[in-house]
Amino acid sequence: MNKKELFWLSNLFAFDQSSLVYTSARELEKLVEIFDKSLLYIKRSASARHIILESWLMLDYMIRLFFCGGLGINKFSTEEYNISQEILPQSFRDCVNALEKFIHVQKALPIDPEKDKVDLYGQFAWYVLRHQKDFYDKQFKPIVEEYYRKYHPHLANSTKTFPEKATSYLDLATATNIASNLKVQEPIQYRAVSEAWLETAGKLDATWFTNVRKINAVRNLAAHEIHSEKLYDKLGIHGSDEKVKLQKLKRFCITQLSQCLNITIAKRKKRKTK
Numbered sequence: 030m031n032k033k034e035l036f037w038l039s040n041l042f043a044f045d046q047s048s049l050v051y052t053s054a055r056e057l058e059k060l061v062e063i064f065d066k067s068l069l070y071i072k073r074s075a076s077a078r079h080i081i082l083e084s085w086l087m088l089d090y091m092i093r094l095f096f097c098g099g100l101g102i103n104k105f106s107t108e109e110y111n112i113s114q115e116i117l118p119q120s121f122r123d124c125v126n127a128l129e130k131f132i133h134v135q136k137a138l139p140i141d142p143e144k145d146k147v148d149l150y151g152q153f154a155w156y157v158l159r160h161q162k163d164f165y166d167k168q169f170k171p172i173v174e175e176y177y178r179k180y181h182p183h184l185a186n187s188t189k190t191f192p193e194k195a196t197s198y199l200d201l202a203t204a205t206n207i208a209s210n211l212k213v214q215e216p217i218q219y220r221a222v223s224e225a226w227l228e229t230a231g232k233l234d235a236t237w238f239t240n241v242r243k244i245n246a247v248r249n250l251a252a253h254e255i256h257s258e259k260l261y262d263k264l265g266i267h268g269s270d271e272k273v274k275l276q277k278l279k280r281f282c283i284t285q286l287s288q289c290l291n292i293t294i295a296k297r298k299k300r301k302t303k
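Per this note's numbering, the sequence shown starts with residue 30, numbered consecutively.
Possibly wrong hints are sitting among the right ones.
[Claimed, not checked] Straight-line distance between alpha carbons at most 30 angstroms, and here's what the computed BS3-like set of lysine-lysine pairs gives:
#1 Lys-243 - Lys-263
#2 Lys-146 - Lys-232
#3 Lys-59 - Lys-259
#4 Lys-59 - Lys-232
#5 Lys-66 - Lys-104
#6 Lys-130 - Lys-162
#7 Lys-279 - Lys-72
#8 Lys-232 - Lys-167
[Claimed, not checked] Simulated restraints on C-beta separations:
#9 Glu-224 - Pro-182: 44 to 50 angstroms
#10 Ala-75 - Ala-225: 26 to 32 angstroms
#11 His-79 - Leu-100: 15 to 21 angstroms
Hint data in this document are derived by calculation from the structure and do not stem from the laboratory. For every residue, glycine included, the Cβ atom is placed at its ideal position computed from N, Cα and C.
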């Protein structure tokens, strides 16, 4: 079995290619900062209740970020406006249920056979077709056809000549609306998410959903229960030594986060390399 390649973006944890991370470089920097602070809090806290709540907050944040990544709406969030809080279900349970159904639906849909098709759209396409006829037929079209033959043979015969393309655009646009989006939106019949996102989502099996729901159930108790003993009982942690039980709880939470988010958490703080 090949050893997975780890990316240590922090000295506390590492991602790999299958981790539940689907975000931009800017958001990733924020994510690393949040994870660092949360993991340190979990490892240093002496409160069972706070450990559970902090673990749940990390999981909730990541699930919402991943879900928004699949929907392609992360780019609409700002410092003042978190789109995941506006669009996704407010409750953790409903959000997880929605994610599970969304993944199931997308996996069942066929891949769009034209997802790799190269074309011109919008006002630029209209401009080229009106003012650069020779460029389209003599340069653009041959290059696209060569690209198809090399990388996507099933699209080799899908390119159109200038007259064919111009006719199709004229059917969709008028002289007073040449800047409109000329790409027709058809009813959804193919996958609407990236294959990279769906590959990661495909690893979220029934066991994964069972585990995150278990964490949520414990969190629901911790939200209004200040006595640690009831929280330990909920997780099947027993014994008379409070320190031992607290360490077992920390191991449970860190293990669950590691498995649910598919990240590697360092057993101790890694030393920075020179």
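Hints and how they fare:
no.	hint	in the structure
1	Lys-243 - Lys-263	holds (10 angstroms)
2	Lys-146 - Lys-232	holds (28 angstroms)
3	Lys-59 - Lys-259	violated (34 angstroms)
4	Lys-59 - Lys-232	holds (24 angstroms)
5	Lys-66 - Lys-104	holds (24 angstroms)
6	Lys-130 - Lys-162	violated (47 angstroms)
7	Lys-279 - Lys-72	holds (7 angstroms)
8	Lys-232 - Lys-167	violated (46 angstroms)
9	Glu-224 - Pro-182: 44 to 50 angstroms	violated (19 angstroms)
10	Ala-75 - Ala-225: 26 to 32 angstroms	violated (41 angstroms)
11	His-79 - Leu-100: 15 to 21 angstroms	violated (32 angstroms)
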